[in-house]
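Number of protein chains: 2
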Amino acid sequence: MKFNEKLRRSVENKSTFLCIGLDPDVGKFSSHFSKNVRGVFDFVKTVINLTVDLVPVYKFNLAFFEVWGGRGWDVLEKLREMIPLETIVIADGKRGDIGNSARFYAKTLLENLDFDAVTLSPYLGRDSIGPFVENEGKGAFVLCVTSNESAMEVQNYGGGEPLYIKVAETVKELNVRENLGLVVGATKPEQLGLLRRKFPELPFLIPGVGAQGGSIKVAVDVCKKGASGIINVSRAILYPETGNIEDIRKKAIYYKNLLKVEKL
Amino acid sequence: MKFNEKLRRSVENKSTFLCIGLDPDVGKFSSHFSKNVRGVFDFVKTVINLTVDLVPVYKFNLAFFEVWGGRGWDVLEKLREMIPLETIVIADGKRGDIGNSARFYAKTLLENLDFDAVTLSPYLGRDSIGPFVENEGKGAFVLCVTSNESAMEVQNYGGGEPLYIKVAETVKELNVRENLGLVVGATKPEQLGLLRRKFPELPFLIPGVGAQGGSIKVAVDVCKKGASGIINVSRAILYPETGNIEDIRKKAIYYKNLLKVEKL
Chain A
43 MKFNEKLRRS
53 VENKSTFLCI
63 GLDPDVGKFS
73 SHFSKNVRGV
83 FDFVKTVINL
93 TVDLVPVYKF
103 NLAFFEVWGG
113 RGWDVLEKLR
123 EMIPLETIVI
133 ADGKRGDIGN
143 SARFYAKTLL
153 ENLDFDAVTL
163 SPYLGRDSIG
173 PFVENEGKGA
183 FVLCVTSNES
193 AMEVQNYGGG
203 EPLYIKVAET
213 VKELNVRENL
223 GLVVGATKPE
233 QLGLLRRKFP
243 ELPFLIPGVG
253 AQGGSIKVAV
263 DVCKKGASGI
273 INVSRAILYP
283 ETGNIEDIRK
293 KAIYYKNLLK
303 VEKL
Chain B
43 MKFNEKLRRS
53 VENKSTFLCI
63 GLDPDVGKFS
73 SHFSKNVRGV
83 FDFVKTVINL
93 TVDLVPVYKF
103 NLAFFEVWGG
113 RGWDVLEKLR
123 EMIPLETIVI
133 ADGKRGDIGN
143 SARFYAKTLL
153 ENLDFDAVTL
163 SPYLGRDSIG
173 PFVENEGKGA
183 FVLCVTSNES
193 AMEVQNYGGG
203 EPLYIKVAET
213 VKELNVRENL
223 GLVVGATKPE
233 QLGLLRRKFP
243 ELPFLIPGVG
253 AQGGSIKVAV
263 DVCKKGASGI
273 INVSRAILYP
283 ETGNIEDIRK
293 KAIYYKNLLK
303 VEKL
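Order-wise, the sequence lines are chains A and B. Residue numbers for the first sequence follow my numbering, beginning at 43 and rising by one. Residue numbers for the second sequence follow my numbering, beginning at 43 and rising by one.
One or more of the hints may lead you astray.
[Unchecked claim] Calculated pairs, EDC-like style, for lysine to aspartate or glutamate (alpha carbon to alpha carbon, straight line, at most 20 Å):
#: 1; chain 1: A; residue 1: Lys208; chain 2: B; residue 2: Glu191
#: 2; chain 1: A; residue 1: Lys259; chain 2: A; residue 2: Glu220
#: 3; chain 1: B; residue 1: Lys214; chain 2: B; residue 2: Glu47
#: 4; chain 1: B; residue 1: Lys214; chain 2: B; residue 2: Glu153
#: 5; chain 1: B; residue 1: Lys302; chain 2: B; residue 2: Glu47
#: 6; chain 1: A; residue 1: Lys48; chain 2: A; residue 2: Asp116
#: 7; chain 1: B; residue 1: Lys208; chain 2: B; residue 2: Glu220
#: 8; chain 1: B; residue 1: Lys56; chain 2: B; residue 2: Glu195
#: 9; chain 1: A; residue 1: Lys292; chain 2: A; residue 2: Asp84
#: 10; chain 1: B; residue 1: Lys208; chain 2: A; residue 2: Asp116
#: 11; chain 1: A; residue 1: Lys120; chain 2: B; residue 2: Asp116
#: 12; chain 1: A; residue 1: Lys302; chain 2: A; residue 2: Glu123
#: 13; chain 1: B; residue 1: Lys214; chain 2: B; residue 2: Glu191
#: 14; chain 1: A; residue 1: Lys208; chain 2: A; residue 2: Glu243
#: 15; chain 1: A; residue 1: Lys77; chain 2: B; residue 2: Glu283
#: 16; chain 1: A; residue 1: Lys149; chain 2: A; residue 2: Glu191
#: 17; chain 1: B; residue 1: Lys77; chain 2: A; residue 2: Glu153
#: 18; chain 1: B; residue 1: Lys208; chain 2: A; residue 2: Glu176
#: 19; chain 1: B; residue 1: Lys149; chain 2: B; residue 2: Glu119
#: 20; chain 1: A; residue 1: Lys48; chain 2: A; residue 2: Glu176
#: 21; chain 1: A; residue 1: Lys208; chain 2: B; residue 2: Glu243
#: 22; chain 1: A; residue 1: Lys214; chain 2: B; residue 2: Glu195
#: 23; chain 1: A; residue 1: Lys214; chain 2: A; residue 2: Glu191
#: 24; chain 1: B; residue 1: Lys214; chain 2: A; residue 2: Glu123
#: 25; chain 1: A; residue 1: Lys149; chain 2: B; residue 2: Glu176
#: 26; chain 1: B; residue 1: Lys70; chain 2: B; residue 2: Glu283
#: 27; chain 1: B; residue 1: Lys120; chain 2: A; residue 2: Asp116
#: 28; chain 1: A; residue 1: Lys292; chain 2: A; residue 2: Asp95
#: 29; chain 1: A; residue 1: Lys208; chain 2: B; residue 2: Glu203
#: 30; chain 1: B; residue 1: Lys208; chain 2: A; residue 2: Glu203
#: 31; chain 1: A; residue 1: Lys48; chain 2: A; residue 2: Glu191
#: 32; chain 1: B; residue 1: Lys149; chain 2: A; residue 2: Asp116
#: 33; chain 1: B; residue 1: Lys56; chain 2: B; residue 2: Asp95
#: 34; chain 1: B; residue 1: Lys48; chain 2: B; residue 2: Glu195
To be clear, the hints were calculated from the coordinates, so they are not data collected in a lab.
With the hints as constraints, model all of the structure from the sequences given.
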């Protein structure tokens, strides 16, 4: 099955656009977990066990595993294997390279670790995207408009049409196997709406709600139209203020309902 | 010492702009090395032993280590430790992320693995560069004009001034601790010359000579001016056609002389 279709079905089956972002930061752990690579494993395993029936998608943020070196990479591999087949798993590493390097990154993440999709950076042009989307069952979300403060200094560049529109057009061209989407931050509601209108065929991965304060209303509205989408929440679910493990599930249910799919 | 000064001294001490790119691709190994992660370790160790007296800089391409998972990461760590203090080591991972993710990538590469510098992608703006250049002794080379075919579709974007000039201007602004440089491909001699004239204070990391066929003359000319630079050669040194290990050193000497620093 083509990746974008798999994503749409997964979202419909769980009736929510919620994607849980797995960013295990030991500095934010409650006292239940040790602040080392073993604690990272226990923490993420706990989060998965508490939420796996609720959500269609998990996104692993590679930065938080790589920081533990080879052992962190092993933990990433073990945790990924715990997630059932019907749940989509995204490797969020924002890779962007060319030639053999791009092919090796694709092999690592999509074959060896068997992630369903990756996030990619578009600065090197289409050469850096091609190797990740040769298999229609595997997908890629390309950075388009990001949720951070300095995003627009590059992404909005250009005399007429801004760069992010050009990037989205390139992604649309490369989407011949229907396995590409865009990363568009909820902190940029204007661009989010514009991109949905111009690119109804592309699914969006939307960060920036939850702790970053982006517009949930606009994000959900955009996901209900066109090729659907997923809305990432990390910190606001992983680290409940109470420090109680059970509240991770409560927070996930809260966001699941806030981001629910209503059949039209 | 500030990173850019350390780089300049290292280049002068070895009298060459040559940077050897460590891209261990088992598919290209001669029969002396096994085509597994142990072979990767043996191969890179051999290359380092054969060339460490010759060159000022090595660049590790992370894609070729990550593909071996946790063990690949361990091998990267061990190999990095073999390189003496006076030789600069760059982690070429083209990372580009924000907030805590960027901070974790910086901690991984510049602290835990103690690389001297990294390569970065600028699509997310200055938020994705800041965390890597807080320590003046550690540096970052930001992708500006890359050596691949589709590079210009994004990098040349803009009605008036192209995006790559805007990126270079941002890097110049962030270079307050004199620890930033640009990645500029030798396959784009026109842009290389223009960038050197406009940004004499930034060192360049120049890929694209050797197997990719970029202009050696222009690359050397640019490095002789302004804040110096380094010229990366990977395949053309690592995989001599003869398959003889000793020819790795011969090839390195050939490129060392081709890219030699002539005192003005």
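Verification of the hints:
no. : hint                : result
1   : Lys208/A x Glu191/B : 17 Å, holds
2   : Lys259/A x Glu220/A : 27 Å, violated
3   : Lys214/B x Glu47/B  : 16 Å, holds
4   : Lys214/B x Glu153/B : 24 Å, violated
5   : Lys302/B x Glu47/B  : 18 Å, holds
6   : Lys48/A x Asp116/A  : 27 Å, violated
7   : Lys208/B x Glu220/B : 19 Å, holds
8   : Lys56/B x Glu195/B  : 37 Å, violated
9   : Lys292/A x Asp84/A  : 19 Å, holds
10  : Lys208/B x Asp116/A : 40 Å, violated
11  : Lys120/A x Asp116/B : 17 Å, holds
12  : Lys302/A x Glu123/A : 27 Å, violated
13  : Lys214/B x Glu191/B : 26 Å, violated
14  : Lys208/A x Glu243/A : 16 Å, holds
15  : Lys77/A x Glu283/B  : 50 Å, violated
16  : Lys149/A x Glu191/A : 32 Å, violated
17  : Lys77/B x Glu153/A  : 18 Å, holds
18  : Lys208/B x Glu176/A : 33 Å, violated
19  : Lys149/B x Glu119/B : 14 Å, holds
20  : Lys48/A x Glu176/A  : 16 Å, holds
21  : Lys208/A x Glu243/B : 31 Å, violated
22  : Lys214/A x Glu195/B : 15 Å, holds
23  : Lys214/A x Glu191/A : 26 Å, violated
24  : Lys214/B x Glu123/A : 44 Å, violated
25  : Lys149/A x Glu176/B : 33 Å, violated
26  : Lys70/B x Glu283/B  : 10 Å, holds
27  : Lys120/B x Asp116/A : 17 Å, holds
28  : Lys292/A x Asp95/A  : 13 Å, holds
29  : Lys208/A x Glu203/B : 16 Å, holds
30  : Lys208/B x Glu203/A : 16 Å, holds
31  : Lys48/A x Glu191/A  : 32 Å, violated
32  : Lys149/B x Asp116/A : 19 Å, holds
33  : Lys56/B x Asp95/B   : 8 Å, holds
34  : Lys48/B x Glu195/B  : 34 Å, violated
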